[in-house]
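Participant: The primary structure of each chain is shown beneath.
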Amino acid sequence: MRTFNEADLISLFSALRWTVVLVALALACGGPLALLLALMRSSRLAPLRWLAAGVLQLVQGVPLLGLLMFFYFGMPVFLGIEVPSLVAVGVAFTAYTAVFLGEIWRGGIEAVKQTQWEAAACLGLTRWQQFRYVVGPQAFRMALPPTVGFLVQLIKNTSLASVVGFVELARAGQMASAATFQPLLVYSVVAAIYFTLCLPLTVWSRKLEARLNGAR
Amino acid sequence: MALVEIRDVHKSFGDVEVLKGITLDVEKGDIVTIIGRSGSGKSTLLRCINALETINGGEIRIEGERIAADMPNLRQLRQRVGIVFQAFNLFPHLTVERNITLAPVLTGKIAKDKARDLARDVLARVGLAEKIDAWPEQLSGGQQQRVAIARCLAMSPHLMLFDEVTSALDPELVGEVLKVMEDMARQGMTMILVTHEMGFARTVATKLVFMHQGRVWEQGKPAELFADPRTPELRNFISSVK
Amino acid sequence: MTLNFSQLWRYDDLLLHGALLTLLLTVIAAVAGTLIGVCGAVLVRGGPRPVRWAIRGYIEVIRNTPALIQLFIIFFVLPSLGLRLPPFEAAAVALSIYFGAYAIEIIRAGLDAIPRAQLEAGECLGLTRWQVFRHIVFLPALRTIYPSFTSQFVLLLLGTSLASQVSAEELFHTGGFIDSRTFRSFEVYAVVCAIYFALVMAFKLVFAGLQRLMFRWPVRR
Ligand SMILES: Nc1ncnc2c1ncn2[C@@H]1O[C@H](COP(=O)(O)OP(=O)(O)O)[C@@H](O)[C@H]1O
Ligand SMILES: [Mg+2]
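Protein chains in written order, with full-length UniProt numbering: chain A, 1 to 216; chain B, 1 to 242; chain C, 1 to 221.
By construction, these hints were calculated from the structure, which means they are not laboratory data. Take these hints with a grain of salt, some might be off.
Stated by the list, open to error - Residues of chain C placed beyond 12 Å of chain B at every Cβ, according to the derived structure:
#	residue
1	19
2	43
3	62
4	87
5	116
6	191
7	219
What the hints assert, rightly or not - Quick list of simulated restraints, FRET-style, between CB atoms:
#	chain 1	residue 1	chain 2	residue 2	range
8	B	57	C	83	41 to 47 Å
9	B	241	A	138	38 to 44 Å
10	B	8	C	61	50 to 56 Å
11	C	215	A	138	42 to 48 Å
12	A	80	C	7	17 to 23 Å
13	C	138	A	125	31 to 37 Å
14	A	179	C	35	36 to 42 Å
To be verified - Here's a subset of chain A near chain C, in silico, CB distances under 7 Å, partners left out:
#	residue
15	73
16	74
17	77
18	156
19	159
20	199
21	202
Beta carbons: idealized from backbone N, C-alpha and C, even for Gly.
Produce the entire structure from the sequences given, and follow the hints as far as they go.
Facilitator: So, in structure tokens, the structure goes:
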């Protein structure tokens, strides 16, 4: 047995890299899918709306932990090959991000008045142009505060990747805790790191929200 | 003894003195109309009479009883004084009937099984008997305001306060509310009302009060004040609202 | 691709038991968390300054750290405070504290959204403060917070799966146990996910039904 020392701290911070990688991956892959889902849900074609709504109900209806297990154990079953845990975990967080962000962005799109679509249509814009130049920018403003809020959820929830053995911050904490038998100290440090990461984003999201409400 | 005695009442919000020594008597059966520019303190005075605001100086007595925001029987006092606001303030989650009967039942004024009769009764007085089961949101502004009046009437108040009750209404709906108030006046209800309806002030009121910069600038019989305003402020005001 | 669910059926009563424990955990945390939420919301709006700060601090800490880490900390803190709780109880405490922080924010927003004029209208009719709250504030406030409160509840239901990480017995933990017996990991977790999904859908239905029953009055759009 040994006490928690600088080396442990360094290993925590180097594991933090993987937390960041995971967040970046989830946003990079989940973001475009989220936009697709949001657009499908505001589509004029009913089957597209139903499909998007179904995906949403499904993914939001199971625990993130379950989603992780599903892809971690499922990808080898379906693909027939072992995949690195980063891939399995990345896919799970992509699905998670796509669905939650998609819902937030749909809210943003719906908050823009229907008359804006109509006004843009009257100018002869295509449906995509209506979104790209008229509705999208307004929706973006509305959806930005909750989007930043979701980023906080995402960062916190990457801690669940530890469950399938992916070494990010939370997992590194578990390992340090097991090595030092100082769980309280180690987990407090881990919590402090997450807190330092998340608090500024929370504050920023709140400021954006206040500004938006003030502007209305 | 006057029904309402207001003696040298002062009221400040922070450093700003909004009422600067108001003195006013309201006799039983009086219809007192308060007019004046926006910001002259009319609403504040009404709110002080009902102890929604705490006064900083002077005193207000209703039926001889000195009122204060911290008085022990404030609730009993409020049951005797009805107030109707510009914004109706009906309870959106209660039907018209429940809006009216909520307070009489909760304060033990009336038994639960008599409540619907009471609601029907006061609604008839404001001409809305058929709306007893409607939701507030389903009514027009004028109808909502009449329900708000009926809600007060159900408490059988000795005094009614009205704060610009027609100001939020579309012009074509003003008449129906004024008519209800005229009926109440005819039946002898003591009323203090703030209004911009000069016709009502001229014909129905027994007393006209012109407030200016937190003071009672002029008061007297409506006909006399309208015909012969003594101060330039009242003269300007009358000509500006015509 | 070979899927084999046949081995799992032997464990149906275990799964049912796990699902019931998950429900129990959810209800305990929801009730305790809502109590925290109500008290916290009232105090954060009108309590003495140090209390308000303490509550704000609590909310920020809980909302800006992972629930999993909170669970670990509480799991290891309680014994050092002389409280030796079994995993399930410790998880219930952690989840209550977690849900409470979100509940405070939601309930506070609901109370803030009640127009002052509604309170005054009630006061002017001679009602007591309690009567004003009970008959005038409560239902409209509940309606305002209903969507966010119920979706937070669903997140809590799903979040109870974290308790498996401190070996508290609930559905996800049961899944792990069956996995260790059958080695059909994918099938086990697929079934576990399906049960969570069924629970979530059931709650959503109940919430929608309650909403219809409780909030009948029309609102202006
Ligand atoms: N709650 C309050 N806090 C601060 N100032 C107030 C408040 N209520 C009213 N005032 C101020 O008191 C003055 C008189 O207001 P009010 O009685 O509403 O006037 P009126 O009804 O004659 O238009 C105004 O300048 C207003 O801004
Ligand atoms: Mg006013």
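Participant: Hints the structure violates: just list their numbers, smallest first.
Facilitator: Those not satisfied are hints 5, 7, 8, 11 and 13.
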